[in-house]
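One letter stands for each residue in the lines below.
2 protein chains.
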Amino acid sequence: MNMTRTTTTVHSVPVAPTMGALRPLGLDEVTITGGFWGRRQEVNGTATLAHIGGWLEREGWLANFDLAASGGLPEGRRGREFSDSEVYKYLEAIAWEIGRRGAAGEATDELEARFRSVVARVAAAQGPDGYLNTRFGRPGQPARWSELEWGHELYCLGHLFQAAVARARTRPDASDGLVDVARRAADLVCEVFGEGGIETICGHAEVEVGLAELGRALDAPRYLEQARLFIERHGRGTLRAIEWGRSYFQDDVAVRDAEVLRGHAVRANYLAAGAADVAVESGDDELLHALDRQWDTTVERRTYVTGGQGSHHQDEAFGEDWELPTDRAYSETCAGVASMMFSWRLLLAQGDPRHADLIERTLFNVVETSPSTSGTAFYYANTLHQRRPGAEVDADTVSRRAESSLRAPWFEVSCCPPNVARTFASLAAYVATADAAGVQLHQYAPASIRTTLGDGREVALEVATEYPRSGSVRVTVLTDAAEPWTLSLRVPAWASGARLTVLDAGGAVVSHSTAGPGAATVERAFAAGDVVELSLPVEPRYTAPDPRVDAVRGCLVVERGPEVFALESVDLAGTPLAASDFADLRVDPAAGLREDADGGVGATIVDERTDARAEVPLVRYHDWAERGPSQMRVWLPVVGA
Amino acid sequence: MNMTRTTTTVHSVPVAPTMGALRPLGLDEVTITGGFWGRRQEVNGTATLAHIGGWLEREGWLANFDLAASGGLPEGRRGREFSDSEVYKYLEAIAWEIGRRGAAGEATDELEARFRSVVARVAAAQGPDGYLNTRFGRPGQPARWSELEWGHELYCLGHLFQAAVARARTRPDASDGLVDVARRAADLVCEVFGEGGIETICGHAEVEVGLAELGRALDAPRYLEQARLFIERHGRGTLRAIEWGRSYFQDDVAVRDAEVLRGHAVRANYLAAGAADVAVESGDDELLHALDRQWDTTVERRTYVTGGQGSHHQDEAFGEDWELPTDRAYSETCAGVASMMFSWRLLLAQGDPRHADLIERTLFNVVETSPSTSGTAFYYANTLHQRRPGAEVDADTVSRRAESSLRAPWFEVSCCPPNVARTFASLAAYVATADAAGVQLHQYAPASIRTTLGDGREVALEVATEYPRSGSVRVTVLTDAAEPWTLSLRVPAWASGARLTVLDAGGAVVSHSTAGPGAATVERAFAAGDVVELSLPVEPRYTAPDPRVDAVRGCLVVERGPEVFALESVDLAGTPLAASDFADLRVDPAAGLREDADGGVGATIVDERTDARAEVPLVRYHDWAERGPSQMRVWLPVVGA
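Chains A and B, in that order, give the protein sequences.
Take the first sequence: its letters are residues 645 to 1285, numbered as in the numbering used here.
Take the second sequence: its letters are residues 645 to 1285, numbered as in the numbering used here.
If you are wondering where the hints come from, they were derived from the structure by calculation, not from laboratory data.
Keep in mind that the hints are not guaranteed to be accurate.
Stated by the list, open to error - Simulated restraints on C-beta separations:
| no. | chain 1 | residue 1 | chain 2 | residue 2 | range |
| --- | --- | --- | --- | --- | --- |
| 1 | B | Ile886 | A | Gly1098 | 56 to 62 Å |
| 2 | A | Pro1220 | B | Ile886 | 40 to 46 Å |
| 3 | B | Ala898 | A | Gly698 | 37 to 43 Å |
| 4 | A | Thr1187 | B | Asp1190 | 23 to 29 Å |
| 5 | B | Val1042 | A | Asp824 | 47 to 53 Å |
What the hints assert, rightly or not - To spell it out: a stretch of chain B is covered by chain A in this simulated footprint if at least three of its residues, at any positions, have a beta carbon under 8 Å from a beta carbon of chain A; those stretches are:
| no. | stretch |
| --- | --- |
| 6 | 845-855 |
| 7 | 962-968 |
| 8 | 993-1000 |
Keep in mind that this is a model prediction, so the values were computed, not measured.
All C-beta atoms in this analysis are idealised placements derived from N, C-alpha and C, irrespective of residue type, glycine included.
Put together the whole structure using the sequences plus the hints.
Printed below as a string of structure tokens:
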């Protein structure tokens, strides 16, 4: 950690460390104004939120709170033991969406009313001592805290806390009561699980990251301390061993002693995110460095080219190093969200662009892959190889996990849809940061940015880009500065040969340079109208795997900018390969890659059995399975390999 | 089916079709007298049986029957819902072992006493109406037949029936009562599940194959008819859908309409074996051909090089075509046993040596891989790639499934140890068959064979071989024949360049020929002392995978005769590769393979990171993990691939 900071203003951010290299800019400072992510945010804020709300009612997961208040539990309860958490993530998503919209308006008023109505139902279910869970503690239900391995009680509260943080930071003066509900629950957690209390952990990490942020948001060191206690208790084997071993819930090794993320991929990343918060707030450099090391090893050895994590269906877990099967890739959507949370905290603490690289890769190729274009159907797991066309899914039916089908509207375990929704609603908070010296752009989208540097100077920027279709990112400075400050733009690791041009308000080139992967910086006493233009080479490219990944030996993947492409069988129709067995298809890299004006990519595909060949358009991985059942593969076997 | 046969004599065989191409020779006709399988049978009949009996007592699975008789259920019951079946497989194994030993003796008397004691305990638990299960039907237990998806009631009875068949065919005059117990239970099954009864199936196939054979053994067409009903009811969706779909228990598609084995690999093969029995007995050629087609596709596309089947840990199931991950190979031991059962029935029906080829491959590389040399520890799943040295297993502890450890003494789900035991005890029954024209040898082991041909002639043979260490199989005819008969010897598909020599009693060469894969035959009016010598080329060889198996692209496997070899990290000690990362190792096929006098094989291994190289001894796959924790891989990536 290389700086200490005292936050004075409440910004609309999911994570607000009091120390660290970079200060995140909030939804009050950054607005995504269109483009790829702007379109997704629109769909998310309308169709997806409405869809989730509808299913929460329909499945009775919201009604569970009403039953709790009216004494109708346990008889009438519906859903799995963690269904409360989906309601909290839904609240968090709405809170960010309201924050994102900024000014009031009819649609926002409607969302606000919806938010308050759900909060009221949740609040009515809370016990007088702050306890809140619809599944435990009543006559006929298991006792409170009696099933910590699988009960998810603290996990649910972690999501409640994150929802409260979102509300506190977007509508700090709201009187809906969510923050009070969270505070009372958090106080109870500290009483019950504090020093001398029940000295164990929850089987699904999440309360740590929730408590830590609630502590920051409410200036409550007690919550941060409780998060620290939970972090430190991992690895002591206080949970009962389960079939898949204690690594499943990271109770095998102390967080600071672990060498790599392991076990259940969502749990592992939520825990690491919470541990990063604790490390930063307590100045625990040893812990932070341990987490950084784990991140490195996990990204090198246990992460798919999409950014996806989790190789096992059985236990939704990481595999061993280099164990990255494509057809059995689990790559859970929520693990993608959780991985972003972990990476973002390391980025804020250390300022290393590699963490933003992984966030970008994961955003485009995991989190964006989950929802359909329409925002109303989702992948829970994200395979990299579909050998048999997946089944159609009825829009009216609850799915298991959509492991071998098209996207599904809802799941029995439906963690992913609201996780996607809260991430997209808060996406502007991952675009940029500031420090004393200037502003850093991490993700590229058309955006308006207005913030205050560490030294108090106001800075405003306008970002114009069609990224990722185009590699051109044009940043116009809207404010004059007497003294120089630094604008920093991330150059992704895949972008070799990036160029950076600075123009003055008259359009004259001030400087022109090439920029290697990392951060390209311009230090200048910017005048209003100055433009910094980053040109990233987004031509399609072949990428070879690490030779230690057995599952994709002899294969290449096609990428273009941050997007991974795939071969999808629907694109073979009308080509000489229409009748080919998908398993016989190979790519001929010697024939190059074709790029069309739209950013589309075509590769030369060969049937090794018949020698038929054709140039076939590839599909952006996040767009696959949008045109009905089909086969698909991300890694393409090379001719003759 | 090309012949009809009426069996007149009871032979000690697990399968006795009344029609088909080949008649199996029983333990009363074939004795394995030593060699590779003779050693295994000795260990199995002593150490393994004692081990299993000890654990069945220790875990209370035998005591469950005592509790059933004394009214101590459900309170005192221990073990999973299918634990009764392990007792039945144990009984079946003892029955075959007694049959294998033939003449009485102190050790056999002890086994016989043990058998009778266990049967008495089982019999005491049977209800007055024939119902027998320690988990269902009593006050405080689920009702009979109320949980057919997961209850395993009929599955358990299927194993009871197979045990009774083993007893009826090895000690037909025994008065222990096991056959009566089975008959009463089978009668109840027919009453309850016959036409107009509960028209559904068991979630785990096995009762079909058990009923069919009991019907054959007791000449009870009613049981065969009930087996037929169960077979026909598969695919009607009468079981409730489960998370993994109805294909898990083969209730998705009618057996005769399916194109390939799918779902749970043990269930699939037990079902196919039972369906083959039904097809043969009812002259249902359509069904038999459907099964044959399914076998072909399954072997081509869904079977590991070891013969192992089942690619998923999650549901212990087959994957899609070509989905054969090595590090996540499940390849359950019981699926190997079940696959042998299916193949054996097709072999008897059709006489195609390919079915015996798969049996051999599976025997050496799956069934023999499960038990330790000592016969007291087992693999449940048989991975083809161990990335991290597996954990040591306490000899006193029940394991989950030993998925990532050394062999374990016992499992919570302990189907595999007794399944291995019954298979090895009855192994002589898989060695040879007869038809009207002669005798067919399918598996090679030192053996004494004495049988009667279809035309009533007595034939006796002595097989001498050190197979698979040596490829020489020497068959001495012990009987004179006035008319010619045909001795047929299987030439495995891997054996190109096999040679067949016929010598007369004086040692003079009568004929000499080469023999391609399939069946090598000698038709001759054999005189006592005549010798037929088959010479199979067992030099080590590299085998390339089907290019559609993505998981092993760019890899080769080393085989020698029927045995698959593996690279095991313990063998790197003392070589220049001792410090190498196992993931960096490659094989250099251009350097050839070394074979030592003992049949051991060495390959040239290269560290692609350091360029270090060494000739390293490979381990027979079935012997791996016998020297402590180590890394292992069967498929070796090729240098530069």
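Consistency of the hints with the structure:
no.: 1; hint: B:Ile886 <-> A:Gly1098: 56 to 62 Å; in the structure: holds, 58 Å
no.: 2; hint: A:Pro1220 <-> B:Ile886: 40 to 46 Å; in the structure: holds, 42 Å
no.: 3; hint: B:Ala898 <-> A:Gly698: 37 to 43 Å; in the structure: holds, 39 Å
no.: 4; hint: A:Thr1187 <-> B:Asp1190: 23 to 29 Å; in the structure: holds, 26 Å
no.: 5; hint: B:Val1042 <-> A:Asp824: 47 to 53 Å; in the structure: holds, 49 Å
no.: 6; hint: 845-855; in the structure: violated (count 0)
no.: 7; hint: 962-968; in the structure: holds (count 5)
no.: 8; hint: 993-1000; in the structure: violated (count 0)
Consistency note: the structure conflicts with the earlier hints numbered 6 and 8.
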